[in-house]
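**Student:** Could you build the full structure based on these sequences and the hints that come with them?
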Amino acid sequence: SAVISQKPSRDICQRGTSLTIQCQVDSQVTMMFWYRQQPGQSLTLIATANQGSEATYESGFVIDKFPISRPNLTFSTLTVSNMSPEDSSIYLCSGVRGGTETQYFGPGTRLLVL
Amino acid sequence: DAKTTQPPSMDCAEGRAANLPCNHSTISGNEYVYWYRQIHSQGPQYIIHGLKNNETNEMASLIITEDRKSSTLILPHATLRDTAVYYCIVRVASNNAGNMLTFGGGTRLMVKP
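Heads up: the protein sequence lines correspond to chains D and S, in order.
When you line the first sequence up against the working numbering, it's residues 4 to 117, in that order.
When you line the second sequence up against the working numbering, it's residues 1267 to 1379, in that order.
It cannot be assumed that every hint is accurate.
Calculated from the model, a selection of chain S residues having no Cβ within reach of chain D, i.e. all distances over 10 Å [what the hints assert, rightly or not]:
1) 1273
2) 1297
3) 1332
4) 1366
One side only, chain S facing chain D, incomplete, derived with CB under 8 Å [what the hints assert, rightly or not]:
5) 1310
6) 1312
7) 1316
8) 1326
9) 1349
10) 1367
11) 1368
12) 1369
13) 1370
14) 1371
Rather than coming from a laboratory, the hints here were simulated on the basis of the structure.
Where a beta carbon is used, it is the ideal one built from N, C-alpha and C, also for glycine.
**Tutor:** Below you can see the structure in the form of structure tokens.
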């Protein structure tokens, strides 16, 4: 399986602040994605992280709120901007392993906004 | 991606086989059936996938009906650690843009002593 790590694993943040989540994948991963999982819910795709260009966002998610970077093949960041309590969720990084086209997930970042 | 239908919850006795069903009646010919599970507070874990033949690995077996409209994930000897939400997803196995996993509600499997 592909190795995917995220930092931080969890954080508690104040309303109005921003948090940047980092995702590191091994070199076998080609495509990268960011998901959100709200309490008690299933996973929802936020965006596809494109290497060296703007991310592709899903309906309901915008770049101003969730800026994403992917400067190289193995690293991506997701920023949750101007946070409110409604942003309290688990944020998950995911990657597709080239050759097998199987999608793998990181351990997630648990965010609580007060 | 084609939609899937799974029961919201199931119980299984420890040591017995857990059989998790999934309906995917609108699956396309080039779509695979993928199974993932999510143990509490962890990221989803890949289990198995298949196109039309039955598949088996160290974690589970996947049985796909001949018409491919449904499938069953089998955990042959369920343990307490198999308690998780199990997701059945259909997806084209390719690296093309837009071909990411779309999650439904899944089945919450509770393995009981």
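**Student:** Mind verifying the non-interface call on residue 1332 of chain S? Its CB should be farther than 10 Å from each CB in chain D.
**Tutor:** Per Cβ check, residue 1332 of chain S is outside 10 Å of chain D; nearest 24 Å; holds.
**Student:** Quick one, is the residue 1368 of chain S hint okay against chain D at 8 Å, beta carbons?
**Tutor:** 7 Å, holds
**Student:** Interface hint check: residue 1349 of chain S, Cβ to nearest Cβ on chain D, cutoff 8 Å. Holds or violated?
**Tutor:** This interface hint is violated because 16 Å lies over the 8 Å limit.
**Student:** Holds or violated: is there a CB of chain D closer than 8 Å to the CB of residue 1316 of chain S?
**Tutor:** Result: violated, 12 Å to nearest chain D Cβ.
**Student:** Using the nearest Cβ pair, does residue 1310 of chain S come within less than 8 Å of chain D?
**Tutor:** 5 Å, holds
**Student:** Does residue 1371 of chain S pass the interface hint, meaning its C-beta sits closer than 8 Å to a C-beta of chain D?
**Tutor:** 6 Å, holds
**Student:** Under the criterion of a CB-CB separation shorter than 8 Å, is residue 1370 of chain S in contact with chain D as hinted?
**Tutor:** 6 Å, holds
**Student:** Against chain D, run the beta carbon of residue 1369 of chain S and see if the smallest gap drops under 8 Å.
**Tutor:** Constraint on residue 1369 of chain S satisfied, holds at 4 Å.
**Student:** Since residue 1273 of chain S was said not to touch the interface, does its Cβ keep a gap of more than 10 Å from each Cβ of chain D?
**Tutor:** The assertion about residue 1273 of chain S holds, with a minimum of 15 Å to chain D.
**Student:** Beyond 10 Å on every Cβ pair: is that true for residue 1366 of chain S relative to chain D?
**Tutor:** 5 Å, violated
**Student:** Let me know if the C-beta of residue 1326 of chain S comes in closer than 8 Å to any C-beta of chain D, holds or violated.
**Tutor:** For residue 1326 of chain S, the interface hint is violated, since the closest Cβ of chain D sits about 15 Å away, which is over 8 Å.
**Student:** Going by Cβ atoms, does residue 1297 of chain S stay more than 10 Å from chain D at every point?
**Tutor:** It holds; residue 1297 of chain S is separated from chain D by about 12 Å at its closest Cβ, greater than 10 Å.
Consistency note: the structure conflicts with the earlier hints numbered 4, 7, 8 and 9.
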